[in-house]
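Asker: Each chain is listed here by its residues.
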Amino acid sequence: MASVSSTAPVAGSKASARAHSGVAPLRAGQGHSFFWRRLHSLSGIFPIGAFLVEHFFSNAFATNGAAAYNENVRFLTGLPFVFFLELFFIWIPIAYHAGYGFYIWYRGETNVGDYPWTGNWLYTTQRWTGAIAFFYMGWHVWSMRFNGVHLLTNSAAAFWKVQNEFHHPWAVAFYFVGIIAASWHFGYGLWLFAAKWGFFTGESARRKFGVVCLLVAVVFITVGTATMVAFLTSPQVAPPAEISTGAQIP
Amino acid sequence: MANNNTVLIKIKRQNGPDSKSYWEEFEIPYRPGMNVISALMDIALNPTTRQGKATTPITYESNCLEEVCGSCAMRINGRVRMACSALIDNLEKPVRLEPLSKFPVVRDLTVDRSVLFENLKRVKAWVPIDGSYDLGSGPRLLPEDQEAAYPLSRCISCCCCMEACPQFNESTGFVGAATISQVRLFNTHPTGKALKRERLSALMGDGGIHECGYAQNCVEVCPKDIPLTRSISEVGREVMKQAIGDLFRK
Ligand code: SF4
Ligand code: SF4
Ligand code: FES
Numbered sequence: 498m499a500s501v502s503s504t505a506p507v508a509g510s511k512a513s514a515r516a517h518s519g520v521a522p523l524r525a526g527q528g529h530s531f532f533w534r535r536l537h538s539l540s541g542i543f544p545i546g547a548f549l550v551e552h553f554f555s556n557a558f559a560t561n562g563a564a565a566y567n568e569n570v571r572f573l574t575g576l577p578f579v580f581f582l583e584l585f586f587i588w589i590p591i592a593y594h595a596g597y598g599f600y601i602w603y604r605g606e607t608n609v610g611d612y613p614w615t616g617n618w619l620y621t622t623q624r625w626t627g628a629i630a631f632f633y634m635g636w637h638v639w640s641m642r643f644n645g646v647h648l649l650t651n652s653a654a655a656f657w658k659v660q661n662e663f664h665h666p667w668a669v670a671f672y673f674v675g676i677i678a679a680s681w682h683f684g685y686g687l688w689l690f691a692a693k694w695g696f697f698t699g700e701s702a703r704r705k706f707g708v709v710c711l712l713v714a715v716v717f718i719t720v721g722t723a724t725m726v727a728f729l730t731s732p733q734v735a736p737p738a739e740i741s742t743g744a745q746i747p
Numbered sequence: 002m003a004n005n006n007t008v009l010i011k012i013k014r015q016n017g018p019d020s021k022s023y024w025e026e027f028e029i030p031y032r033p034g035m036n037v038i039s040a041l042m043d044i045a046l047n048p049t050t051r052q053g054k055a056t057t058p059i060t061y062e063s064n065c066l067e068e069v070c071g072s073c074a075m076r077i078n079g080r081v082r083m084a085c086s087a088l089i090d091n092l093e094k095p096v097r098l099e100p101l102s103k104f105p106v107v108r109d110l111t112v113d114r115s116v117l118f119e120n121l122k123r124v125k126a127w128v129p130i131d132g133s134y135d136l137g138s139g140p141r142l143l144p145e146d147q148e149a150a151y152p153l154s155r156c157i158s159c160c161c162c163m164e165a166c167p168q169f170n171e172s173t174g175f176v177g178a179a180t181i182s183q184v185r186l187f188n189t190h191p192t193g194k195a196l197k198r199e200r201l202s203a204l205m206g207d208g209g210i211h212e213c214g215y216a217q218n219c220v221e222v223c224p225k226d227i228p229l230t231r232s233i234s235e236v237g238r239e240v241m242k243q244a245i246g247d248l249f250r251k
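Residue numbers (the working numbering), protein chains in the order written: chain L, 498 to 747; chain C, 2 to 251.
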């Protein structure tokens, strides 16, 4: 492939510089975008998708009451090497997936206006749900992790902290939107992963797996909603001692 | 508004690669069964705009008039399709004709589509049979393989799939569905297989198969009903097999 040069002009377009120079031909065998793009695809399944499963499942402990929920948070925050687990399985993958995802979005030319077909809408929706989930997560991490009572050292305050946040209707709405966006993005992302990596190649196999992925998204939305309902309908728990005394939060 | 005996056509024109585009309107006599190409021929008979101004005939490409040569692709009412098979009776009026938007305009509705030819060369979309001695007759193709290959071989290089693709644009330099599908065709050919590795690694270069966002517009617009998304998944699988295999072998 060494003889192929990325600067080789398209035959017949050697004329003066044009306002619209056209799309460059394939840079056969050159560059690293293949690796980065496939890594983006993979990172969405593992570890981010795996983390999403864990996160929805762990939070669903709320449906078993405040004590069960806080016990689960204590378990998770007490995992060995929790700093590195978070760094390598959550922070870095999500930062990469989001960053490269916005880069992909920026370079695509959404055209659902002229071509309003299902696949094309899903293409566009995948970009919007990704963005919504990203901004939701930014706020979610800030408010749950870096603001207010520190859950890594105060796991007993976990249930109260979520309940406290749910006193704001806007927060409840944002959680709901975030859950839907993340669930859809993951479900369709799973389908895209299978289609692009060639796990399901035939039309009917791809369609059937599409139904499976739709179910995955629906299950996620259901579990997420049930968890929210548990927080909203459980009796209000008392704030942990250090907060009720006003020692940390005035 | 045109009356029942005439057809109103709006055409986006451009005198040369570097000139500005402008619109002209034509009102031509209605004839039963007319298509966009025959309408352009009617305009050429009497190149006068609807306002009565004498103008030049429209420049466009066409040849076979039966959707097999691939030369007459243009945007008709915003959507790419073959002009010779676009019956005026079935189109919303006034009919809007524009050149393909992702290829450099040569003049009026004629664009430079040589990027597809260039891409086909870069993936070596041919069966290598040239040599200094007689290679004898080629291997037999099983009927099933013929059946799978035939639909792929119907590609007419019209570039509709590339025009409609949100990922085919100047910032990605994506190779487009047609070339990927031709890789599948030649990689499944018993003699063409000889270049399989080279073709797959060409598609891993910048602008390669990974840029596909699976919007599936390509398969919707393809006038020859080529199973393009299936080709993308099949080739995607082969590309991944080779990429992962090379991690262990190379
Ligand atoms: S599936 Fe979509 S992104 Fe991929 S080549 Fe077809 S139109 Fe383009
Ligand atoms: S794959 Fe279909 S749309 Fe694309 S160039 Fe070939 S015939 Fe045209
Ligand atoms: S003129 Fe040949 S495809 Fe339309």
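Hints are computed from structural coordinates only; laboratory data are not their basis. We put the CB at the ideal spot given by N, CA and C, even for glycine. Honestly, I wouldn't trust all of these hints.
[What the hints assert, rightly or not] Derived Cβ-Cβ restraints for the label pairs, each shown as a range: (1) C:Q147 - L:E583: 51 to 61 Å; (2) L:R704 - C:P48: 42 to 52 Å; (3) C:Q147 - L:S555: 50 to 60 Å; (4) L:T607 - C:S158: 58 to 68 Å; (5) L:G699 - C:S172: 23 to 33 Å; (6) C:P33 - L:V609: 51 to 61 Å; (7) C:N64 - L:S518: 21 to 31 Å.
[As the list claims (entries may be wrong)] 20 Å max Cα-Cα, derived EDC-like pairs, lysine to aspartate or glutamate: (8) C:K54 - C:E26; (9) C:K225 - C:E68; (10) C:K225 - L:E700; (11) C:K94 - L:D611.
Asker: A separate judgement is required for each hint: does it hold in the structure or not?
Answerer: Hint-by-hint comparison with the structure:
Restraint check, Q147 of chain C to E583 of chain L: a C-beta distance of roughly 55 Å satisfies the suggested window 51 to 61 Å. At about 49 Å, the beta-carbon gap between R704 of chain L and P48 of chain C stays in the expected band of 42 to 52 Å. Between Q147 of chain C and S555 of chain L the C-beta distance comes to about 54 Å, which sits within the given range of 50 to 60 Å. T607 of chain L and S158 of chain C have their C-beta atoms about 26 Å apart, which leaves the hinted 58 to 68 Å range violated.
For the pair G699 of chain L and S172 of chain C, the beta carbons lie near 32 Å from each other, so the given range of 23 to 33 Å is met. For P33 of chain C paired with V609 of chain L, a C-beta distance near 35 Å fails the hint of 51 to 61 Å. A beta carbon spacing of about 27 Å between N64 of chain C and S518 of chain L agrees with the range 21 to 31 Å that was offered as a hint. Restraint check for K54 of chain C and E26 of chain C: the C-alpha separation of about 10 Å stays at or below 20 Å, so the hint holds.
A threshold of 20 Å between alpha carbons decides the hint, and for K225 of chain C with E68 of chain C the separation of about 8 Å falls inside it, so the pair holds. Our distance criterion of 20 Å between C-alpha atoms is met by K225 of chain C and E700 of chain L, whose separation comes to about 17 Å. Restraint check for K94 of chain C and D611 of chain L: satisfied, since their Cα atoms lie roughly 16 Å apart, inside the 20 Å limit.
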